[in-house]
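Visitor: If you want the building blocks of each chain, they are given just below.
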Amino acid sequence: MADRRRIQGPEVSVAPIILKSPNKIQLLDENLCRRNGRNLEDIRSIYLKTGLISQANGSAFIELSKTKIVCGVYGPRQTKIPAFSGKGNLNCEIKFAPFSCPKRRPPYRDSQEKELSQLIYEALTPSIRLDLLPKSTIDIYITILENDGTASCLAAAITCASVAVADAGIEMLDLVPACSASYINGQIFMDSDLIEEKRESGSLVLSYMPSLKEITHILQSGEVELNLTSQAIEQCTDSCSKIYSIMIDSLLLPIQNMK
Amino acid sequence: MSSSLISPSELDYIIRGVDDNLRADGRGRLDYREVILETGLIFQANGSARCRLSKGTDVLVGVKVEIGSIEIDGTDEEVAAVKAKRGRVVCNVECSPIASQQFAGRGADDINNELTQLVDRVLNGPQGGLNLEKLCIIPGEECWVVYIDALVLDYGGNILDLIFMTIRAALYNTRVPKTVIEEDKEVEISDDVEEWERIEGWELVPISITLNKIGTRHIVDATVLEELATKAKLSVMVNKNGKICGIQKIGGGSIEHGLLNEMMQTGRSIGQNLILNLDKMLQKEDEINAERAKNDKIGFFAAA
Amino acid sequence: MSTQTYEAETFRKLQPQEYLRKFLLKEVRPDGRELKQFRQTTVNLGCISTTNGSSLVRIGNTTVVCGIKAEVSVPKQTSTKEGYLVPNVELSPMCSPKFKPGPPSEHAQVLSENINRLLKSASILDLNTLCIHEGSAVWVLYADIVCVNYDGNVFDACVIGLITALSNVKLPKATFAEEEGLVKATEELLIPLNLSRLPYPATFSIFDGQYLLVDPTEVEESVAHEVITIICDEAGQICTVWKVGGISCTPKHLEKCISIARERYIEIAAIVENEEKSNNLI
Chain A
1 MADRRRIQGP EVSVAPIILK SPNKIQLLDE NLCRRNGRNL EDIRSIYLKT
51 GLISQANGSA FIELSKTKIV CGVYGPRQTK IPAFSGKGNL NCEIKFAPFS
101 CPKRRPPYRD SQEKELSQLI YEALTPSIRL DLLPKSTIDI YITILENDGT
151 ASCLAAAITC ASVAVADAGI EMLDLVPACS ASYINGQIFM DSDLIEEKRE
201 SGSLVLSYMP SLKEITHILQ SGEVELNLTS QAIEQCTDSC SKIYSIMIDS
251 LLLPIQNMK
Chain B
1 MSSSLISPSE LDYIIRGVDD NLRADGRGRL DYREVILETG LIFQANGSAR
51 CRLSKGTDVL VGVKVEIGSI EIDGTDEEVA AVKAKRGRVV CNVECSPIAS
101 QQFAGRGADD INNELTQLVD RVLNGPQGGL NLEKLCIIPG EECWVVYIDA
151 LVLDYGGNIL DLIFMTIRAA LYNTRVPKTV IEEDKEVEIS DDVEEWERIE
201 GWELVPISIT LNKIGTRHIV DATVLEELAT KAKLSVMVNK NGKICGIQKI
251 GGGSIEHGLL NEMMQTGRSI GQNLILNLDK MLQKEDEINA ERAKNDKIGF
301 FAAA
Chain C
1 MSTQTYEAET FRKLQPQEYL RKFLLKEVRP DGRELKQFRQ TTVNLGCIST
51 TNGSSLVRIG NTTVVCGIKA EVSVPKQTST KEGYLVPNVE LSPMCSPKFK
101 PGPPSEHAQV LSENINRLLK SASILDLNTL CIHEGSAVWV LYADIVCVNY
151 DGNVFDACVI GLITALSNVK LPKATFAEEE GLVKATEELL IPLNLSRLPY
201 PATFSIFDGQ YLLVDPTEVE ESVAHEVITI ICDEAGQICT VWKVGGISCT
251 PKHLEKCISI ARERYIEIAA IVENEEKSNN LI
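Residue numbers (the UniProt record's numbering), protein chains in the order written: chain A, 1 to 259; chain B, 1 to 304; chain C, 1 to 282.
Please keep in mind that the hints were generated in silico from the structure rather than gathered at the bench.
No experiment lies behind these values; they were computed from the predicted model shown.
Keep in mind that a hint or two might mislead.
Distance condition first, Cα-Cα at most 30 Å in a straight line; then the derived BS3-like pairs of lysine-lysine [as the list claims (entries may be wrong)]: (1) A:Lys-80 / C:Lys-100; (2) C:Lys-26 / C:Lys-256; (3) C:Lys-252 / C:Lys-26; (4) C:Lys-26 / A:Lys-103; (5) B:Lys-83 / A:Lys-198; (6) C:Lys-184 / B:Lys-185.
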């Protein structure tokens, strides 16, 4: 497995086992408030900014307290594959920075990254007018700088990528905000962070086009009752509408500053 | 994901048929094709099963249990303590190039990875049904690792549902050897096949129901052509108790909010019925296998 | 040849060298800087909480993030107390259209290799201080440098990122449990690294054999093929001189580079000190 293209470290290395302080973290206090003062249905505040990568056609940066994700969009540019396609190609690639998670991730692409790339592709394609871009490719590259909860990271990556595509001036049907929820002890925790995610029995990620009222992607894991799922979907679509307005603001801001 | 094409008239035919609740093969919107099920066909595996949909998809699953070490690095004590007492499930799905031309070369890479991750996510969590703690041999050191390998032999639409059905049947068929731990922490495996046990919780292993949105309606168990006419696919994973064990949209396309709820409801009720039918078939299969064992003759491809 | 008038942008794309030359004749650069002016540099320490030490560096538009994670490994048999420090530069396809997905490009390999050489030759960190238990357990520091925006002079940004992230590293108190063969560490991160020196770099491009461009942007880098990097430490001592391409570097140029690099050192040190102060206040 020697990779001569990188500086070699030792063959095996492991993260040390961390001794936890004995007092257990309480996810909820007596007023049903979460550790950072949020209510169950509140999402974390979002910082969203476009145009961070000057080299890209479109780019965006999203921050949800600790989660930090950058996305760069290149294209539409000529498709390299000689085969003709009447529709444009969309190519999504997501990468965790090696230091982004509690455990170090080796820099090469793993199967989780491949799967997340696929999920983001599936969430975004319904919104992009690929039929207008024959023979072209749009490349979406996403880097996760810090991961504070994998489900919320996926949701934030979809939101961020959608804004970056809009920033690149590519025609779309709608922006795609996405939101996540965790099921913990039969309660729905919206937009949970890493510590809450460790205790969850299941999670839901939903991406939604608010003006078309269509769901572009849904992913649920864990054993859940049907009506709880329906409730979580309801709450996620509500939150998506909130995120939607933040996305629009972030796209309008640079234009307003120009005036 | 498909490279094959569909003509506008075929598309129109399918959409109108779905609208009228009559599909090309005579089924209604929510009718499943007949499932043919066979278990115990691979002698080298601890459990195996093969499922076929009449005139369509064919999936073979082999389950192998092996002793492996428990991995607990890089986590805090709390998580390590839970992990130390558990076995593992490792899944792999492979679409064979003989099933369809689109799987030739590297064409199956993406779909293989997507299906593998999906199956792995469903079976490795608490929703997977299997009692992983029963698979632990020596806490913190050794456990049983259940390797589930699914091979798609023929492609006639609706692969994912069939993969889950076959995995469930193969797990039913799986026997884990009894172990005795000796004083020097050596693990002794019992030779007595009579003593081998099923993995606890196999009956709670979920199956998947994939709903295909065609036009404004949705259908189950789509054929290849119907999949080409599909706007969006939703897979709902259901277990015997009617609990939802996973939901995932697969492929492009979007689903209206109201339709999504309807699809989940349908998926759940169809799934529960299907599990009941499958359980009956499994019991019958047990009897057949017992009969066969007497005659000592088995034909690999002599299923139906 | 008939005379034609172009838009400035068209001219830049058709004749990038001539375009730059026209600016340099007037002693100014396309982005409005003077020839010996660096772009605005900012450092943000400890910005990533999943790391033991991290730093975000921006030089103009160029942005890199360096994160250092500590893991545990067995030392080499020949040096039972020595830990490891493994640098790695990632130039993802996100940061510039020049890069493709997949294994590190040649450019990334060159950057990683140069940084590794700097760490070794300047002996910035004594690897023996990374020992947990002699012969059984040592710290491995993985220094991963991710480029977010590639707008020229990435090497400077990488080195500043690495050095500041190293000075930001806090290790937990670790003990080696001999019976289990496991290393257990406290949750609090307390112990800083003991760095012997803090070198900072300055990079120059030479255009047309006469113009010395300080801190080149991506556009300038692509037309000026001669690059000089000088790394010096707090005592003004030179750690590395690195010159790539071209033939037209006179000793006079080199002298000038060195003196600018020393001035630049003071500038960066002040920026880092400011950042450290404001970090401590929080």
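Visitor: Does each hint hold? Answer for all of them.
Guide: Going through the hints against the structure:
1. Distance restraint check for Lys-80 (chain A) and Lys-100 (chain C): the Cα-Cα separation of roughly 12 Å lies within the 30 Å cut-off, and the hinted pair is therefore satisfied.
2. Among the hinted pairs, Lys-26 (chain C) with Lys-256 (chain C) is consistent with the structure: their alpha-carbon atoms are about 20 Å apart, no more than 30 Å.
3. At most 30 Å may separate the alpha-carbon atoms for a hinted pair to count; Lys-252 (chain C) and Lys-26 (chain C) meet this at roughly 22 Å.
4. A threshold of 30 Å between alpha carbons decides the hint, and for Lys-26 (chain C) with Lys-103 (chain A) the separation of about 53 Å lies outside it, so the pair is violated.
5. With a C-alpha separation of about 13 Å, the suggested pairing of Lys-83 (chain B) with Lys-198 (chain A) holds against the 30 Å cut-off.
6. The hinted pair formed by Lys-184 (chain C) and Lys-185 (chain B) meets the criterion: a straight-line CA distance of about 24 Å does not exceed 30 Å.
The structure is inconsistent with hint 4 alone, although it conforms to all the rest.
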